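Asks: Chains as they are written, first to last, in my numbering: chain A, 1 to 230; chain B, 1 to 150.
Keep in mind the hints are simulated off the structure, nothing from the lab.
Model, not experiment: these values are computed from the prediction.
For each residue, glycine too, the CB sits at the ideal point set by N, CA and C.
One should not assume that every hint holds.
[Stated by the list, open to error] With a straight-line cut-off of 27 angstroms between C-alpha atoms, the simulated DSS-like cross-links for lysine-lysine are:
| no. | chain 1 | residue 1 | chain 2 | residue 2 |
| --- | --- | --- | --- | --- |
| 1 | A | K31 | A | K10 |
| 2 | B | K89 | B | K110 |
| 3 | A | K121 | B | K44 |
| 4 | B | K110 | B | K44 |
| 5 | B | K110 | B | K87 |
| 6 | B | K89 | A | K121 |
[What the hints assert, rightly or not] Far from chain A by the CB rule (all over 12 angstroms, computed), these chain B residues:
| no. | residue |
| --- | --- |
| 7 | I53 |
| 8 | D65 |
| 9 | D67 |
| 10 | I96 |
[Stated by the list, open to error] Just so you have them, the derived chain A footprint on chain B, three or more residues with Cβ under 8 angstroms:
| no. | segment |
| --- | --- |
| 11 | 37-47 |
| 12 | 85-94 |
| 13 | 123-131 |
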Amino acid sequence: MYVIVVGGGKVGYYLTKTLISEGHEVLLIEKDRQQAATLMEELGEVVMAGDGCEVRVMSEAGMGRAGAVVAVTGDDEDNLVICQMARRHFDVGRSIARVNDPRNEEIFRLLGIDATVSSTKIIYSLIEQEVDTGQVVPLTALKRGDIEIVEAELTEQSPVIDLALKDVHLPGDSVIAVLIRGDQIVLPSGTTRFAAGDTVIALTRPDDERLLRELMAGPGAVTPGPSGAK
Amino acid sequence: MKVVVLGCGRVGSAVATLMSQAGHEVRMIDRDSASFRRLGSDFKGTRVVGRGIDEDVLRRAGIHDADAFISVTSGDNTNIMAAQIAKEKFGVPRVIARIYDPIRAEAYAKMGLTTFCSTCVGAGIIKDLLTGEPVKSYEDYSHLTSELGR
Chain A
1 MYVIVVGGGK
11 VGYYLTKTLI
21 SEGHEVLLIE
31 KDRQQAATLM
41 EELGEVVMAG
51 DGCEVRVMSE
61 AGMGRAGAVV
71 AVTGDDEDNL
81 VICQMARRHF
91 DVGRSIARVN
101 DPRNEEIFRL
111 LGIDATVSST
121 KIIYSLIEQE
131 VDTGQVVPLT
141 ALKRGDIEIV
151 EAELTEQSPV
161 IDLALKDVHL
171 PGDSVIAVLI
181 RGDQIVLPSG
191 TTRFAAGDTV
201 IALTRPDDER
211 LLRELMAGPG
221 AVTPGPSGAK
Chain B
1 MKVVVLGCGR
11 VGSAVATLMS
21 QAGHEVRMID
31 RDSASFRRLG
41 SDFKGTRVVG
51 RGIDEDVLRR
61 AGIHDADAFI
71 SVTSGDNTNI
81 MAAQIAKEKF
91 GVPRVIARIY
101 DPIRAEAYAK
111 MGLTTFCSTC
121 VGAGIIKDLL
131 TGEPVKSYED
141 YSHLTSELGR
């Protein structure tokens, strides 16, 4: 696959090297002439100097035949425009944007950029997984963020304690996938009752995550950082 | 009307002054507070320091009840992103982005954003002044984005 990477910082540089070693055809576009020259010394002809936001540069780069464009500059607004222009003007199949400010992930999704990567958010999620607070922790996002897997540890204060699953009104299309009770994995049925100390693994949509969180952890539950759902 | 202006440069400050003098409520955003000096001390609107693609800053500028939003910073991409946030996320009824690059202005106009390409309008007027042709209407000049945006 021909992949165009825009942004010759550390992320772009290591990504380019990785893609090359995996056998892909890559072009790395870097705006700063000096930086581009330095990259060219090591990587050779896979580097192109130019502003990847400009259509003229995208044309020269052969954006029309690219299977994917990856926007990893340090500025979210540039990454947004690169992906939008690549899709609209050149019909590139796959566009991936790095999002520096995790709060912008939501706006990127709103504007049709499904694949976004926020290293802040990923690292934060990893930190949160280590924190035993009884909050609802987003574990991962599936299907381009339409479905999230969340984990919640139920405490005595959880609103659902002693309630049967069938009596709990879950928000939207949320599903309780499994309960972890001590050493046991419980596949819940309608009559399964929630108990304090249970770890609940649920599937939910980002829009329903807040309500699910309140249901599992109580209304005072704090948002575990930049999860995208407010 | 309540209008949020992003970018207190020459154009932004001029628009803010005109709108304020016409009795409208202007909220100006700029990431550099020194830029507000262009507004003059009798400017009646509000000043917010911050980046226009930051939702918190937009909220502080009252984007949620704004009737209009214009983005006139020196960066095309910032103007594009901020305008889309205003339109798609906050549903501001009237949104205008000033875009210097004719190609991007044309592309985003096609995507449904109201764009103002000062490059095209300026180049068109100067060309007409040079060739002695009568100065045309705004519509005529804005169609130049299609010609220049190839």
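Asks: Give a verdict on every hint.
Replies: Against the structure, the hints come out as follows:
{"no.": "1", "hint": "A:K31 x A:K10", "verdict": "holds, 14 angstroms"}
{"no.": "2", "hint": "B:K89 x B:K110", "verdict": "holds, 19 angstroms"}
{"no.": "3", "hint": "A:K121 x B:K44", "verdict": "violated, 40 angstroms"}
{"no.": "4", "hint": "B:K110 x B:K44", "verdict": "violated, 36 angstroms"}
{"no.": "5", "hint": "B:K110 x B:K87", "verdict": "holds, 15 angstroms"}
{"no.": "6", "hint": "B:K89 x A:K121", "verdict": "holds, 21 angstroms"}
{"no.": "7", "hint": "I53", "verdict": "violated, 6 angstroms"}
{"no.": "8", "hint": "D65", "verdict": "holds, 19 angstroms"}
{"no.": "9", "hint": "D67", "verdict": "holds, 21 angstroms"}
{"no.": "10", "hint": "I96", "verdict": "holds, 17 angstroms"}
{"no.": "11", "hint": "37-47", "verdict": "violated (count 0)"}
{"no.": "12", "hint": "85-94", "verdict": "holds (count 3)"}
{"no.": "13", "hint": "123-131", "verdict": "violated (count 0)"}
Hint compliance for this structure: hints 3, 4, 7, 11, 13 are broken, all remaining hints hold.
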